[in-house]
Amino acid sequence: MSDASINASSTAHEAVREDEAGFGDYFALLKPRVMSLVVFTAFVGLMAAPVGVHPVIGFCAVLFIAIGGGASGALNMWWDADIDQVMKRTKSRPIPAGKVEAGEALSLGLALSGLSVIMLALATNVFAGAFLGFTIFFYVVVYTMWLKRATPQNIVIGGAAGAFPPVIGWIAATGSMSVEPWLMFALTFMWTPPHFWALALFMRSDYDDAGVPMLTVTHGRRATRVHILVYTILLAILAVGTSFSGIGGPVYLAVAVVMNALFLLGAWKIFRRDEDDSEEDDFKAERSFFKLSLLYLFLHFGAILAEASLKPYGLGGW
Amino acid sequence: MALKKEHDLHKRRFGRNMGVGLLLGSFVVLVLALTMVKVTSNGFQFPQTQGTQD
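From first to last, the protein sequence lines stand for chains A and B.
Take the first sequence: its position 102, counting from 1, is numbered 102 in the numbering used here, and each next residue is one higher.
Take the second sequence: its position 44, counting from 1, is numbered 44 in the numbering used here, and each next residue is one higher.
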């Protein structure tokens with residue numbers, strides 16, 4: 001072996017070492033930002049349920065629902081590694097960045113899926129565990145593997161997976177189903193399409209480059225603007241209507257009226273604009289609508305939590 | 001090539017091992033706490049033994 005080959009091999013070895021994943025890279029596979037939404041909405045679902053839950057059991061329920069959500073994220077990154085590499089928004093994720101092997105993400109995702117489902121069933125009830133298992137299956141197989149690359153309605157149907165956590169939280173507390181958790185489900189479900197379509201409008205080339213059939217790619221940007229407005233109107237009716245259900249109340253009604261008025265105004269602005277207007281101010285209206293959508297969901301669930309927290313004191317609800 | 005005593009790689013591996021260790025430790029504590037809550041709750045019943053002999 002020559003000196004040159006020794007040097008070359010040690011340099012290559014060094015490069016591999018430089019890329020070795022740290023703990024944070026494995027944690028990033030779980031999509032911590034999505035997990036934070038899962039934690040919050042599952043917690044609200046659990047708290048809004050009309051039964052008391054022991055704090056340790058409640059903590060375990062939210063934790064294992066979050067781990068299940070994280071496991072779905074890791075399996076999503078394993079399957080989507082090829083398109084993540086192409087999209088600007090996702091190319092720094094651990095797999096396309098070369099820090100974690102796709103197989104490692106698969107192993108982590110499967111292990112955490114099993115752990116979360118079994119532990120949730122043991123900590124709360126079998127129904128909740130089974131529902132978490134179904135949610136992981138829905139997100140990974142139905143959305144990621146099947147619909148995401150097959151239909152422009154991918155976001156609409158895939159949004160269901162992200163909307164299940166409050167239902168699981170409710171089932172974990174009560175062991176049964178009712179209308180109220182499905183209202184929380186519907187809120188997230190109807191919120192997801194306008195939220196993602198606004199993102200697709202200003203992250204323009206990303207989905208085109210990756211060949212993902214987003215509405216902007218298949219039906220055009222004008223149709224996407226119309227869809228955002230239509231979904232926002234339907235969402236507003238649903239969100240304000242929820243005020244008069246068992247999880248609503250005056251606090252929720254006030255939040256829903258203000259936030260939906262702002263959201264409708266944002267959707268109307270997006271509808272009125274054409275591509276030239278958007279290009280001119282670098283998609284200002286679309287970007288602010290996207291930011292508002294994050295606050296929108298947080299405040300709606302925050303209001304449901306406030307109503308549930310006030311009930312023991314004779315306040316909250318109607 | 002100078003042999004470094006503490007390479008960045010070692011730090012990263014230490015962080016990874018420490019993270020896994022802490023997670024496993026926390027999991028053990030969590031399962032213990034959950035067990036305590038379950039067995040001290042009012043609804044707890046020991047499973048009936050099969051084929052009991054008197």
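Just so you know, the hints here were simulated from the structure itself, not pulled from any lab data.
Some clues are possibly wrong.
Heads up, simulated DMTMM-like pairs for lysine to aspartate or glutamate below, C-alpha to C-alpha not over 20 Å straight-line [what the hints assert, rightly or not]:
1) A/91 - A/101
2) A/88 - A/274
3) B/11 - A/279
4) B/11 - A/19
5) A/99 - A/208
6) A/148 - A/82
7) A/99 - A/82
8) A/291 - A/279
9) A/269 - A/281
10) A/311 - A/275
11) B/11 - A/20
12) A/99 - B/8
All figures in this text were calculated on a predicted structure; none of them were measured in a lab.
Hint-by-hint comparison with the structure:
no. : hint          : verdict
1   : A/91 - A/101  : holds, 14 Å
2   : A/88 - A/274  : violated, 24 Å
3   : B/11 - A/279  : violated, 46 Å
4   : B/11 - A/19   : holds, 13 Å
5   : A/99 - A/208  : violated, 26 Å
6   : A/148 - A/82  : holds, 13 Å
7   : A/99 - A/82   : holds, 15 Å
8   : A/291 - A/279 : holds, 18 Å
9   : A/269 - A/281 : holds, 13 Å
10  : A/311 - A/275 : violated, 48 Å
11  : B/11 - A/20   : holds, 11 Å
12  : A/99 - B/8    : holds, 15 Å
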